[in-house]
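Visitor: Chain by chain, the residues run as shown.
Protein chains: 2
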Amino acid sequence: MDQLKEEINQQLLKLLSSVKEGKVKEAMTYSLLAPGKRLRPLLFIYVLKAYQMDYHAYLDIACAIEMIHTYSLIHDDLPGMDNDDLRRGRPTCHKQFDEATAILAGDALLNLSVNTILNMSIDNDLKVAIMTRLYEASGVNGMIYGQQQDLAFENQNASLQQLQDIHHHKTGELIAVSMQLAALIAKKDDYQYWTQIGFDLGLAFQIQDDILDVVGEEEKLGKKVGSDLDNHKSTYVTLLGIEESQKKVEELFQNCYENVYSMRINHGLILQILTVILKRVN
Amino acid sequence: MDQLKEEINQQLLKLLSSVKEGKVKEAMTYSLLAPGKRLRPLLFIYVLKAYQMDYHAYLDIACAIEMIHTYSLIHDDLPGMDNDDLRRGRPTCHKQFDEATAILAGDALLNLSVNTILNMSIDNDLKVAIMTRLYEASGVNGMIYGQQQDLAFENQNASLQQLQDIHHHKTGELIAVSMQLAALIAKKDDYQYWTQIGFDLGLAFQIQDDILDVVGEEEKLGKKVGSDLDNHKSTYVTLLGIEESQKKVEELFQNCYENVYSMRINHGLILQILTVILKRVN
Chain A
5 MDQLKEEINQ
15 QLLKLLSSVK
25 EGKVKEAMTY
35 SLLAPGKRLR
45 PLLFIYVLKA
55 YQMDYHAYLD
65 IACAIEMIHT
75 YSLIHDDLPG
85 MDNDDLRRGR
95 PTCHKQFDEA
105 TAILAGDALL
115 NLSVNTILNM
125 SIDNDLKVAI
135 MTRLYEASGV
145 NGMIYGQQQD
155 LAFENQNASL
165 QQLQDIHHHK
175 TGELIAVSMQ
185 LAALIAKKDD
195 YQYWTQIGFD
205 LGLAFQIQDD
215 ILDVVGEEEK
225 LGKKVGSDLD
235 NHKSTYVTLL
245 GIEESQKKVE
255 ELFQNCYENV
265 YSMRINHGLI
275 LQILTVILKR
285 VN
Chain B
5 MDQLKEEINQ
15 QLLKLLSSVK
25 EGKVKEAMTY
35 SLLAPGKRLR
45 PLLFIYVLKA
55 YQMDYHAYLD
65 IACAIEMIHT
75 YSLIHDDLPG
85 MDNDDLRRGR
95 PTCHKQFDEA
105 TAILAGDALL
115 NLSVNTILNM
125 SIDNDLKVAI
135 MTRLYEASGV
145 NGMIYGQQQD
155 LAFENQNASL
165 QQLQDIHHHK
175 TGELIAVSMQ
185 LAALIAKKDD
195 YQYWTQIGFD
205 LGLAFQIQDD
215 ILDVVGEEEK
225 LGKKVGSDLD
235 NHKSTYVTLL
245 GIEESQKKVE
255 ELFQNCYENV
265 YSMRINHGLI
275 LQILTVILKR
285 VN
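In order, the protein sequences belong to chains A and B.
The opening residue of the first sequence carries number 5 in this note's numbering; numbering runs sequentially from there.
The opening residue of the second sequence carries number 5 in this note's numbering; numbering runs sequentially from there.
This is chain A alone, in the form it adopts within the complex (with noise of 0.2 Å):
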């Protein structure tokens, strides 16, 4: 996995090759490279291994959602929004560079993830078909919906249904597109399955936050802890409480596991990342 991360890295770091040199160029860089899971693209990847598909080709779509993923981060973090100071275990890009740059930072990455698709040397139909997808997904139906409910509920109570309309736009959306376009590259009829083991799978790491942001340590999660409480934010577990938390997050992976199961792939591949996700300290 770290030698496909590396892999992922490198691609990265070609694709932005192609852009002027400038201050933007820098704090695309610095996000995009900071260290991280790549768990969007990681997971890409390994659905489309689990088809026996060769990944070599389609690696640019993987760094396509990297970008889209590190442009909403950026973004998240500046002053008018989430006001973050620590991101990865290093400055936000606004505190590294300044505030116009990390702006522009997060245009740029999502426009290069357009780019980068549109430069691919695949059929155009196949394109189309996976940028259609990709930015509903990521778009203000989608992703930019959950940010918007998510500040919506920053200083007012929300319930458990309305915390789980929450994550599955602000996170499940593009975890689960990064599993549906591996199934549309391969040809297989199993979009649902990876649908609903992408929208729980989201709502498990997004659980998993709430916790690590009670009980983890600072250190290892490379931001602060504890701010959920201090801006009076609800979460599963000012809800539910850490140990009721814990059961839906184990729930929530049975049900992964259940619907791996119910498609003819090399289950073993995607257990693997499963379970690295759910042992995740950071």
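Some hints could be false.
Note that identical chains are pooled: a pair holds if it fits in a single copy or bridges any two copies.
Stated by the list, open to error - Under the rule of at most 30 Å between Cα atoms (straight-line distance), these lysine-lysine pairs were calculated in the DSS-like manner:
{"id": "1", "residue 1": "LYS29", "residue 2": "LYS237"}
{"id": "2", "residue 1": "LYS237", "residue 2": "LYS41"}
{"id": "3", "residue 1": "LYS251", "residue 2": "LYS283"}
{"id": "4", "residue 1": "LYS53", "residue 2": "LYS9"}
{"id": "5", "residue 1": "LYS18", "residue 2": "LYS191"}
{"id": "6", "residue 1": "LYS252", "residue 2": "LYS24"}
{"id": "7", "residue 1": "LYS24", "residue 2": "LYS237"}
{"id": "8", "residue 1": "LYS18", "residue 2": "LYS29"}
{"id": "9", "residue 1": "LYS237", "residue 2": "LYS27"}
{"id": "10", "residue 1": "LYS99", "residue 2": "LYS24"}
{"id": "11", "residue 1": "LYS99", "residue 2": "LYS237"}
{"id": "12", "residue 1": "LYS27", "residue 2": "LYS99"}
{"id": "13", "residue 1": "LYS53", "residue 2": "LYS191"}
Think of the hints as simulated: they come from the structure by calculation, not from any bench.
Chain A is already provided as a structure; the job is to place chain B on it using the hints.
Guide: Okay, now just chain B, sitting in the frame of chain A:
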């Protein structure tokens, strides 16, 4: 021309109707439908018409271009960027709503421009060709590069050559691509003429802005005048004076006219829209 603007506005509204209700949609609608010149979509449509093409099948491309332009204005106006309070005679997006909503509305418009073209009923090869050129122009080697350079020279003297480079990217790229795309759709070999016209027009437009910033009436402009002087910003007017700047604008329009007459098109239509731009008071 007014009827065409109305048609563009109606189509923009229609494209927004698929967006989930919420503050971000309100902000997108507020900024996208603000009274504006619709210069880029009009140029796109006029060039199509000058080729005797029916523009109706391509109206969504005109709308996508306007979405990109509007997103760049929303982000440009943010406190972390130019910190402007007025735009098109009304409070800027972050003043009318809030900063977080303005950031997300800008992101959402860039993303929606992608969805809009992908959803069109035209050939996938044409979609890919159009998007490839469009998102090169709007991206980090095009418009965003211009914004970065503009910020870099905020409190620093720029030479005429440097100003020209800024305007070329910041304003010229999106104006040029509006006309290039029409030639691409019409399958005409006039690409280099429209490129030249686009960049000359972009520069003329920007110098007009500099002049209006000094001699314009705040009410007509719909934004604060004298802000370049307040910001100690180098402009054509500070470097050349008003008279020489006006001469430069006329010279650039002269170039445009000559390039227009080098092509086998309906010249009258293009002259009509160029004249409107040349005589603008806001």
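Visitor: It remains to establish, for every hint, whether it holds in the given structure.
Guide: A quick look at each hint next to the structure:
Taking the shortest Cα distances, LYS29 and LYS237 sit within 30 Å of each other only across copies (24 Å), while inside one copy they are farther apart (34 Å). When the C-alpha separation of LYS237 and LYS41 is checked against a cutoff of 30 Å, the pair qualifies only within one copy, where the shortest distance is 25 Å, while the shortest distance between copies is 43 Å. For the identical chains of this complex, LYS251 and LYS283 are intra-copy neighbours only, at 14 Å inside a copy versus 69 Å across copies, given an alpha-carbon limit of 30 Å. Only within a single protomer do LYS53 and LYS9 lie at most 30 Å apart by alpha-carbon distance; the minimum there is 15 Å, versus 50 Å between protomers.
In this homomeric assembly, LYS18 and LYS191 come within 30 Å of each other (Cα to Cα) only inside a single copy, at 28 Å, whereas the closest approach across copies is 33 Å. With identical chains, the CA atoms of LYS252 and LYS24 are at most 30 Å apart between copies only, with a shortest distance of 29 Å across copies and 47 Å within one. Taking identical chains as interchangeable, the C-alpha atoms of LYS24 and LYS237 lie at most 30 Å apart only when they sit on different chains, with a minimum of 24 Å there against 41 Å within one chain. Within a single copy, LYS18 and LYS29 get their C-alpha atoms as close as 13 Å, which meets the 30 Å cut-off; across copies the closest is 36 Å, which misses it.
For a Cα distance limit of 30 Å, the shortest separation of LYS237 from LYS27 across copies, 20 Å, qualifies, whereas the shortest one inside one copy, 34 Å, does not. Proximity of LYS99 to LYS24 under the C-alpha cut-off of 30 Å is restricted to the intra-copy arrangement: shortest distance 22 Å within a copy versus 33 Å between copies. In this assembly of identical chains, the alpha carbons of LYS99 and LYS237 lie at most 30 Å apart whether taken from the same copy (24 Å) or from different copies (25 Å). With identical chains, the CA atoms of LYS27 and LYS99 are at most 30 Å apart both within one copy (13 Å) and between copies (27 Å).
Taking the shortest Cα distances, LYS53 and LYS191 sit within 30 Å of each other inside one copy (13 Å), while across copies they are farther apart (41 Å).
In this structure, none of the earlier numbered hints is contradicted; all agree with it.
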